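So you can see what is in the structure, the chains are spelled out below.
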Amino acid sequence: MLAFLIRRLLQTIPTVLAVVLLVFVLFSVVPGSIASTMSDDSDPQVELRMKKQLGLDQPVYMRFGAYVARLATGDLGASFRTREPVTTMIAKRAWPTLQLIFASMAFAVLLGVPLGFIAALRPGSLVDTVSMVLAVSGLSLAKFWLGLLLMYLFALKLGWLPSFGYGDGGLKYLILPAVTLGVSPMALLARTTRAAVLEIMTADFVRTARSKGMSETRVVKWHVMRNALVLILTTMGLQFGALMGQAVVVEKLFSWPGIGSLLVDSVLQRDIPAVQGSILVVVLFFLAINLLIDVLYGVIDPRIRYA
Amino acid sequence: MTGVPLVEVEDLRIDLDDGSRRVAAAEGISFRIDRGETFGLVGESGCGKSITALALIGLLRPPLSIGGGVIRFDGKEIQHLSAAGQRELRGNRIAMIFQEPMTALNPVSPVGRQIAEMFVLHKGKSWREANQLAVESLASVRVPAPERRVNDYPHQLSGGMRQRVMIAIALACGPDLLIADEPTTALDVTVQAEIIELMRNLCAERGTAILMISHDLGLVANVCRRVAVMYAGRIVEERGSADIFRAPSHPYTQGLVASLPRLGSRAALGRTRLKEIAGVVPAITGFPDGCRFNPRCAQATDICRTVAPHTDVLEAGGFVRCYHHA
Amino acid sequence: MKLRANLVIGGSLFALAIIVGLLAPWLAHTDPVMDANLMNAEEPPSWTWWFGTDGQGRDIYSRVLYGARVSLTVGIVSQLINSVIGVALGLSAGYFGGWWDDVVNALTNLMLAIPSLIFALAIMAVLGPGLTSLLIALGLTNWSFTCRLARASALSLRNQGYVQAATVLGYGDLRIMITQLLPNMLGPIVVIGTLGMGSAVLSEAALSFLGLGVRPPFPSWGSMLSEARDQITTAPWLSLFPGLAIFLTVLGLNLLGDGLRDILDPHSRSRRT
Amino acid sequence: MHEPQRKPDDDLILRVEDLAVHFPLGGGLFGRERRLLRAVDGVDLSLRRGECLGLVGESGSGKSTVALSILGLLKPTHGHIVVDGREVATDSQSADRKALARTVQIVFQDPYASLNPRQTVRRTLEDPLRVHGVAAKSEIEDRVATMLKHVGLRPEQADRYPHEFSGGQRQRIGIARALILNPKIVICDEPVSALDVSIRAQIINLLLELKDTLGLSYIMISHDLGVVEHMSDRVAVMYLGRIVENGDWREIFERPAHPYTQALIAAIPDPLRHAPLATTGGDLPNPLNPPNGCAFSPRCRYAEAVCRSEPGPVLETRPDGHAVRCWRSEEIAGQAALASSLSGHP
Amino acid sequence: QTPRKGGTIRMTAPYGSSFTSLDIHTTQRAQDEIYAKGLHRSLYIWDSAEGKPVPELAKEAVVSGGGLVYTFKLRDDAYFHNGRKMTADDVIWSYNRIMDGTKAYPGARYVRVIEGAAAVEKGQAKDISGLKKIDDFTLEMKLTEKVDPGFYFFTALTSIYPADEAAKESFIQKPIGLGPFKFVEHVPGSRIVLERWDRFYKPGKPYADKVIVSVMGEAAARDVAFRNKEIDTSVLGPAQYVAYQSDAALKGTIVEVAEVFTRYMGMNPSFKPFADKRVRQAINYAIDTDLIINKLVKNKAYRATSWLPLTSPLYDKTMKPYAYDPAKAKQLLADAGYPNGFEFEWTTSQNESWGLPIVTAVIPMLDKVGIKAKVKQVETAVLAEVVRSGDYQAFVYSQQSGPDPQAALKCFHSSTPQSACNYMNFKNADFDKLVDEAGQADDPAKRGQLLQKANALLYDEAPVWFFNYNKAVMAVQPWLKGVQLNATELTHQNVEDLWVDETSPAK
Ligand SMILES: Nc1ncnc2c1ncn2[C@@H]1O[C@H](COP(=O)(O)OP(=O)(O)OP(=O)(O)O)[C@@H](O)[C@H]1O
Ligand SMILES: Nc1ncnc2c1ncn2[C@@H]1O[C@H](COP(=O)(O)OP(=O)(O)OP(=O)(O)O)[C@@H](O)[C@H]1O
Ligand SMILES: [Mg+2]
Ligand SMILES: [Mg+2]
Ligand code: NI
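Protein chains in written order, with my numbering: chain A, 2 to 308; chain B, -17 to 308; chain C, 205 to 477; chain D, 2 to 347; chain E, 86 to 592.
Just so you know, the hints here were simulated from the structure itself, not pulled from any lab data. Keep in mind that the hints are not guaranteed to be accurate.
[What the hints assert, rightly or not] Examples of chain A residues toward chain B, derived with CB under 7 angstroms:
| hint | residue |
| --- | --- |
| 1 | D205 |
| 2 | F206 |
| 3 | T209 |
| 4 | R211 |
| 5 | G214 |
| 6 | R304 |
If you're wondering where the values come from, they're calculated on a predicted model, not measured in any experiment. Virtual Cβ for every residue (Gly too), placed ideally from N, Cα, C.
Let the hints inform the model, and build the full structure from the sequences given.
Set out below in structure tokens:
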């Protein structure tokens, strides 16, 4: 198992390096520079000096080399904009983003999976139809529009929840953004679960279980759930990626102090070290989650061995 | 042995709802199995063997359903039993082994647990006791080192081992009837021999009757005392196993026996051209009128093409469904 | 039958969107760009202005019709790019295996690891807002699923008898890939493509929200929705109609995808490889 | 490396020498020792013109792997394959591939998976001709029509898609495709085992007829010993990647010399005898972890110490052409003859 | 009504989704100065009531040396949040820091007015020679030009930092200032929390215990939050301005002020048609500016006449803006040799008040006189660069045009580089002369006259389409009192004067 983990970790290195390179190259050709967003009317000499200070006067490959060298020591550089180390900036933002991502995923799982099960156990029934129509609808909404509607409804009309912000970090602030973000993975999970359960219900071993004289509830509990979990996990793992992407929109909408909003701000202001750092962290997070899920596979599905 | 047969099936009809209409996937199925008897069901792929077995054990699921007829088990009609009543029989008194030992076992559950479930379900045992009994069951199907094997997952076992596990599950509660639906089709001949012998011996020990389903007429004839041949949803002939091979009565059975080269026949008779059965098996939606074998039958006459034949009881025992039987 | 309901509804919604886009010049009441008349600004829906007018006095109905052109172009073209890239890479990787497979796998993992919206955001920042940039950004960032699928299909089809037979018959690699593999993997790829179009339309909206959308003045649903968001309480029709257009089109595409999946790919399974 | 011995044996159309195919399993980008699956290990075979060689053996014993290597679909780890006097290049260039295609063809087991569902029968049959440079339209049409007639299909059925045919008809199409380039050797990998029982005889008869009319050589792979006995001139028995016995069909079936061959034959149920089947005990060994010594030794009732420690001896060909790979073949031969005479086949 | 002590003030920072930095010297975004007004203090402060900067950390300023030398008497009761008393050293240290050329602090352009500052910036000197500490609380400042230093040293860009402490690493995490509130917490992207600084130098102030500044870039979200009483202030865009006006419950919350920004379309004189004054005038005639302000901007702006805005002390009430007269526009175009108009590319950002929506509304109007405009949309960051590099045919922008009229007009001086603020690369000898003379004039009235003339000349030259002067509108909850009408930027409130009464829902 340990060997497996180490091997998987080693395998992520090329991906991470490629991400670094990709983002670096991408942003070395981007028009607009940090200098122009910093001041309205600085004189060109000053700007030049600033570029020098930020190392922007060097050729791209030199900068890349320096960047990778620093990266190896865990240094993501200093933000052009705030002049703070990018690691500090990200560290401050990481927890809210994690909260948001995991809360959305929890919402998606807690609602989507049971919904999918219920739908699959009564295929063709009203429950099935309604929940699947809801699921598809959930997938078809523009995130920020949905967020605004939720905000309008639950904060303004009903007054149940605060409409924005991180507040003191309390749960009530988390609910609206998490739900907004969680709707589409929820919908996807409901559908995946339904499809997985439906498929497993036709599997031979389910017929075996029935031939043992088992009630349908027991069949589901003893034999279907664990098998469905494998498929559900796969969807979850991939959804984490989409979630990180969508978080950009949701964080911006709800003034959520996460990496997503840091990323957008940094992109728009050409704060290249911050952009690179944020994307790198997002990628590392995704890779870590998927590593975790791979480990979980091994726990759930004995056919996958990590000898 | 009492006079009541263990299983009595009379004029069973199984409907298939293909969305717009119902067609009979099998009809007029009648047979009887005595206690401890071995009974074989052979026939072409798709002729309705498996669904007949599923009807017996109450596992038909939509779009298939019982369309008529009676199934008596131990003298009691069971075709309209409640779900709970059926579960009472299923596994406990009627057990079943399926064709694919790989897919018939839950891949993510240890085999020991899958056996133990039987004792929990039907014998009211605790999981601990059940697990202990599972080890004994595995030992009884001659799996080496059963204490270790109970913790294995299906993929860690070979095909033959898996099928032994299936047998252990099926025989766990000492059923009166074991339905074996092509238990060895996926296995090699040497392994097949192992499994068949194991099944035969265990059932003989416990007085369990076997309903054995296979494509392989040779295998069934070897294993079973009586054999029924199905063709396109109907039983066309039912005989003692030696008779049916030596002197097949229905033209289809005759064709089957003659069409396949038997080991040793070339050595004995030289290479002769095999006898062919012309044409193809009809599709379930396009069964011909009259005798369903008529389009492929050399002896078919007008009556064969219009009116389905009744069963003729043969003097030598058994019956056949043909106007021209030998 | 129930299965076909989603196909019919989804197909009709999508077809409707396409027709609306194609016939926009004939169906629209006014020019979506030039007919800004501040005298009619922010009229609520009425008989004259079916969907109301916006702050510049443009007819929302006409803009929604024209918006279909941009939004559907974004959806269809970017997904086509994705499909072509994904199929070309996945098919060849699955067929040839070896180092090429490793390279493609690494690329796919890379694409999977960077959330596509974030990647698209970065590309848009580089290319600047505009339709072409958007097509490129969305077209380059979403092929990993298609690629994986194509690769998995190619891997399994490669061992099918007819592919082996083609090899044994001396067919060239390209011929095998195009005549033997491609037609037989198209079903699930079309399904993924349909769903991908839906998400491209949504991504366009999201990027508009982030300020990196299609270049005006031609309206897209995403930019209309994004521009109208401040007035969601005061002039709800501004966001309602483009929002509905997006919702119904994406819904249609999702339903269509599901329907096609039921037909083309009954045993689809999102197993990881 | 040893050069293939170029015996001027014109009669041999195919020679396989010391063939080995090893599949590396698992292993990643970084390190981790790879496990080798020795699917085929040191196989020698030969096929004469007009001959049908039966290849039998348990599932996983490497029969298909041998076939695929001969066809150039698998790259052998070691060994030589000489087809019609030409060595099959290990990294087949497309020219070689084409030349090979005109010599060796294959009929697959599964008639459903072996036809491209998106191509009409005509396309399936015409394309190979085009690939091989037959340009004249009339010639192509002619050859397709003739071939269809050969395999018992009507030429007008050519414009249909595979799903419009029954399993037996599909297998006929598969045979037609294999024969369209006029090959000399046809490898039949379980050509009937996926077919309905009542159809099998049609296909077996067809294959035998075609062999005679077209002068083909066959390698016939099957589990069904009845079919193998019926069709073969010579039979090779494989066990765990090696040939354990090889000889004239009559020799093999009447005087099986290897304990495995004996077990195989004895395990066939005889319909006329309601008698227990002969069993060997034990399961198939794991090819990833083969037993020490002779691979069959754990299941062999004759096994002695030498069998368990030393790998089987080389395949030793007796003067009558019968070859066995067994330490104790001499002693066993007598008992087997006895057993077979007792089994009472009619 | 006596101000209530205690309570929490919940302000919003509406211009983007996070604060740039806690080092206020590094950022000149309006967003950041909102919190800086609580945390930091500069030499001067903007007095909204007077409409001009007044000394803050200086008690008085004595002018000598022909208006070039200022001697400041500094406060001796100003304490940094670490408890240390501010002295002249801190001022000198802070200005030296701002002139660190390698850091390119945006405040440098203000400090550069002190003699010797530029040398420090270029690395030729270590200390600004024009700054002299007389004693701990007396500071002498020598200027390079005759200007009012108040306009240069009132923004947070020139905040006074505690010398040396501010050089420490931790400063950027936990800034220390002289303001009425001290730093408690910063949740990046979400909010900054400040709490009362008890040793603030104005007796009895600040009133509130706590100030929370929440970052809320989304107007729609802000709207919901304001209506939901979660925030005390919200900046309103045109749409919401109208909505709030027509909502009885919200009408009373509106606070508006004319700000010192001029919105305009800049035209590149090196693009041939725009080189001709008549073409530029024609554009001013062709656009129905009032209609746009009325309908699109919802009157959340004042019609621009020339460059100097309404709030400028030199705003000329007698001037009339260009009338909407397409016929005249056509005539002028024909005179200039473009009877059939021409085509140009118009670079714009997405900004709702001076970006895309305006452009889209103008395009059809220009179309009517034959001028075709092609839109080129860029991000704000890119636009800023485009404008300074001159890489445009036309652009639309919002530029600070006050509060100092002289500085505002100086932007059009031919000696001002395009990359500074002469974005249209305006060159006009008459104009230069007027501005130069004004710079020399000692008499403020004379100076005013000259500058007004220059402003009128700009009107006639029409280097830009004069669109509007910004009207800032903020919604303020009824319980928040003491809001100042700051014309430089309405959101920049001197927080010590704000207080909340007990109806505030915040604890
Ligand atoms: N779930 C089902 N849905 C639709 N048709 C079915 C279903 N199960 C069986 N059938 C049809 O009923 C007929 C009989 O099927 P059955 O499985 O009993 O055949 P079989 O004799 O067991 O064949 P095989 O030897 O291939 O197992 C077939 O034509 C089959 O297509
Ligand atoms: N591509 C491959 N990669 C890895 N292992 C393989 C591959 N192909 C075959 N094998 C393994 O090689 C061994 C021989 O396989 P092969 O298919 O040749 O057996 P076979 O005798 O044809 O069996 P069957 O009778 O089941 O067709 C098996 O253990 C199989 O699992
Ligand atoms: Mg069956
Ligand atoms: Mg094989
Ligand atoms: Ni060699």
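A quick look at each hint next to the structure:
| no. | hint | result |
| --- | --- | --- |
| 1 | D205 | 4 angstroms, holds |
| 2 | F206 | 4 angstroms, holds |
| 3 | T209 | 5 angstroms, holds |
| 4 | R211 | 6 angstroms, holds |
| 5 | G214 | 3 angstroms, holds |
| 6 | R304 | 5 angstroms, holds |
Going down the numbered hints, you'll see the structure goes against none, and every one checks out.
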